[in-house]
Amino acid sequence: MSVPSPSSSPASSAPASSAPAHPAIGFRDISIAFDIAGRNRFVAVQDVTLDVAEGEFVAIVGPTGSGKSTLLNAAAGLLTPAAGTVSIFGRPLSGLNAQAGYLFQQDALMPWKTAVENVAISLEAAGTRRAEARARARDWLARVGLAAFAERYPHTLSGGQRKRVALAQALIRDPRIILMDEPFGPLDAQTRLIMGELLLRLWSENRKAVLFVTHDLEEAISLADRVVILSAGPAARVVGDFPIALDRPRDIGELKVDPAFLAIHRDIWHLLKTEVLKAYSEIPTGDAP
Amino acid sequence: MKSWLLLALQVGVAVVLILAWHVVSTTNLFGDPKTMAFFFSTPSDVAAQVWDWFQGGTIWYNLWITLSEAALSFVIGAFAALVIGFWFARKPMLASVFDPYVKGANALPRVVLAPIFTLWFGLGIWSKVALGFTLVFFIVFFNVVQGVKEVDRTVLSNARMLGLNERQLLRHVYLPSALSWVFSSLHTSIGFAVVGAVVGEYLGSAAGLGYLIQQAEGMFDVAGVFAGMFVLAAFVILIDWGVTIAERRLLVWQPKGHHDT
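Chains as they are written, first to last, in the working numbering: chain A, 744 to 1032; chain B, 25 to 285.
Since the hints were made in silico from the structure, they are not lab data.
All C-beta atoms, glycine included, are put in the ideal place defined by N, C-alpha and C.
Hints may contain errors.
To give an idea of the interface, some chain B residues facing chain A are shown, with a C-beta separation under 10 Å as derived from the structure [what the hints assert, rightly or not]:
#1 Q170
#2 E174
#3 L275
#4 Q278
Restraint ranges, calculated between C-beta atoms of paired labels, are given here [claimed, not checked]:
#5 Q933/A <-> L194/B: 28 to 34 Å
#6 L31/B <-> E948/A: 56 to 62 Å
#7 L839/A <-> W265/B: 54 to 60 Å
#8 Q170/B <-> P986/A: 48 to 54 Å
#9 W84/B <-> G888/A: 53 to 59 Å
#10 M117/B <-> D990/A: 43 to 49 Å
#11 H765/A <-> P124/B: 53 to 59 Å
Far from chain A by the CB rule (all over 12 Å, computed), these chain B residues [said to hold, decoys possible]:
#12 Q79
#13 I269
#14 L274
Isolated chain B (complex conformation) (with noise of 0.2 Å):
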């Protein structure tokens, strides 16, 4: 009953933006129609737009585009990550090495690489893929360092005294305590591996989602950049619902979730 009341009011929510939307661009209460229409564009243009898109069935090859690029960086950069992160956590002295580095390039905006991968990796996948793995890396990493420092030592300590050797302790205390900081961290992570597909395409690709926006755009088909930004909001909130679900089975173990008690 309470989430039934939860999601009529999201509902709602939505229905009164269409509808000041609709007010707006259709009426002659803030302008004339056709100049707000141009700039705003209108709900029913915006929804006729994505209808077309999905009775052609041309928008299920670019939403396949765009997720395999997401989820291409998303496992390379997280597994990347995972590695490289142990690495450091467990040697200090290598860490504070590298550390300025791993600042520096972490401040680096990620749009100026976009044209360098672009001419390493060319127009397809994989120049999105690397840079969606920029973006995924760093998050990942530093959850991981933390997630191995932030160990908890009584654990540690029982876990040594049972008589576990290193890789043991690895493999049962460090790696799920890292896990459990990444699997927080899900979320973020799989979110930006979505913007640098989203972005790479924009910035130059012959499909996917920011591939049809970047197109509309040149055309001045304001429709269409809208329908392509409600397509990619809905992809990812449905991927996000995704994620709390796979986030609720692997983290069964820690308190927050008051189910099966």
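So here's chain A without its partners, still in its complex pose (with noise of 0.2 Å):
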């Protein structure tokens, strides 16, 4: 393990070496910070600097109100921080960012489509013929298991079905970069297991730079290559950035057992257990933001 040093050198922790030239996501000292209610100035995330390399999963793990979903929408584009540059495969980003797919925590499908319009609508909007991208949705949709599934509206599918229609609508468009937002959050454990699983394995076929936001330790051991420990909010901070040596393919049921498994999770926890009891001592009453 290894916890660098807060922000002011950057580039040694970072695995530069296999990264040709520049890494498919750069925070280069980032601070987001949003106006709330009043006129109090929240600064959600300060001073992050991180990169994940082409073809890298990389899991963000931190409290609540860590700031955790606004580093990835400044990474999407969807936000633009306030200091620090963000740059993408080396070119700082301006309004949306192209290559990535973004995969929401919420319910992101279109509720009026059908799940194959839902999966085809990129390739449409792109201009793909109507039926060159159709097929390819129900293609995607077969990849996620639901081949049966493609004239159904997302309310008659299940919380586990929507995540997979989602995850190939966001796939299908083959994007360089995957940001997920607690992408499973919601759903319980089993189904958890299986997209997690779904995931490795679509992602093991085609690797993609990932940047994958969560709150729970165990799914980000299990799926990443390197695992982000931010501090409590406000003005959260990398506190910590960990190296997962574990072997590809993983069987993510069976390596919840596993010594190695365990040995990591120890030593990321006992850091990442001070952050969160930070968070709570700091949440006045009740409701976290």
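Work from the hints to combine the two standalone chains into their complex.
Structure, rendered in structure tokens:
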């Protein structure tokens, strides 16, 4: 394990060796702030420097309210940081990140479109002929195990099935970067396991840079190449960056009893726990932001 | 079986009401039957009048006129509201400038406009269409604005991340969202289209259900007034039934209807 000194000299801790020249996502001294009710300025994330190499699977873990999703939205171009730069394959990002597919925590499918229409929409928007787009969408639905559900509207699918559709919808464009915001958060434990394995299978067929946000440390370790720990917010920083030296392909179900997994988990949890406790002590009463 | 029971109960209500009416208007229990019949008519007279209308065939022409007025005011009103509602929802500045005028116009009782519309568009169907338009327009307009405003942020962000441009967002996200609001207010807006047509006819016309009722009133023909109201009520129920069917087809994607699961 390695706990880098906060912010100042980022390059040393990033695994720059394998990446050809530019990382897929490069955060440089990112700060993100919101104006919340009243005139307080709420700083969600401060001075975060982080690289995700091409083909690398990085998980960000942090307590509630640590600004994990905010970072993801900055990488997507859905929000602009107050300070610092986001670069995508070496180019500073302005506007939406066209290279990225985004898997949201909440339901993001268009409820008025069937599964196959939802998956095909990005291709049709890009000018692919409808018949071809639909055929490729069906292929993708088959790859996520939903071949029989192509004509269903989202509300007739279960939570896990909707996530599969969303996965197919994001991946069909073949984005070079995949951003995931606690995508399996609302699902039950077994479904999360299945979805994790599906994700790893699809990712190993065609390795993209993945930035995966979660509050579940076990999920992060079992999926990622690297786990990055954010401190408790506000003004969250990177407080830990752990390479996960577990062999691939991984069997997520088995992994949880693997001694190597448990050792890594123990190390990281030690650090994360202090942050989680801090987060709770800073929440005045009851509801978190 | 359950829907069968429901229908039986619904018919039962009508039977009880008509019986009560019959007793009031033809017996001595509540007063002299002649006076009572003058004020309330009798179920048999009303039925005879309705029968006459359908036998003679005059009613069909009047129904057709009312239906076309209502349909035209709905289609034109909904279309205009869709276009202008979208425009306002996408240009908040414009919406703020016009906000007091829209509210003011909506607060105006439309009946006072009827004579002006008659003056402008004559006694034919277009003055009624104009009246129905002013009713339908605002209902649909407010629903469109709301529908565009209430677009799910996540769905919108997702669509943008999927590479949809502004025009495609309009077509695939904003429009369906706004239409779902418009469809859910379809019963109200179509009801108002009929109200606009009938009120317009009532205030000055040469054909339509409102005209029939107004003519009967002019001659103290209470049976004719009631007959007109019954035909109008049946007409509205039929339209409403059609709307329900249309709604079920248009909103298949909404969770409410549990068919097709």
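Hints, one by one, checked against the model:
For Q170/B, the interface hint is violated, the least distance from its beta-carbon to any beta-carbon of chain A being 17 Å, above 10 Å. Interface hint status for E174/B: violated, as the beta-carbon distance to the closest one in chain A is roughly 13 Å, over 10 Å. Checking L275/B against chain A by beta carbon gives a least distance of about 9 Å; that is within 10 Å, so the hint holds. At about 7 Å, the closest approach between the beta carbon of Q278/B and any beta carbon in chain A falls short of 10 Å, and the interface hint on this residue holds.
For the hinted restraint 28 to 34 Å between Q933/A and L194/B, the CB-CB distance of approximately 40 Å leaves it violated. Checking the proposed 56 to 62 Å range against L31/B and E948/A shows it holds: the Cβ atoms sit about 58 Å from each other. Taking 54 to 60 Å as the suggested C-beta distance range, the pair L839/A and W265/B does not conform, at roughly 46 Å. The hinted window of 48 to 54 Å between Q170/B and P986/A holds, with their beta carbons roughly 51 Å apart.
Between W84/B and G888/A, the C-beta spacing of about 58 Å keeps the proposed range 53 to 59 Å intact. A hinted range of 43 to 49 Å for the beta carbons of M117/B and D990/A is inconsistent with their spacing of about 59 Å. Under the hint 53 to 59 Å, the C-beta atoms of H765/A and P124/B, about 54 Å apart, fit the expected range. Distance check for Q79/B against chain A: the nearest CB is about 47 Å away, which clears 12 Å, and the non-interface claim stands.
Chain A leaves I269/B outside its interface by the beta-carbon criterion, the shortest separation being 19 Å against a cut-off of 12 Å. With a least beta-carbon separation of about 10 Å from chain A, L274/B fails to lie farther than 12 Å from that chain, contradicting its non-interface assignment.
Hint compliance for this structure: hints 1, 2, 5, 7, 10 and 14 are broken, all remaining hints hold.
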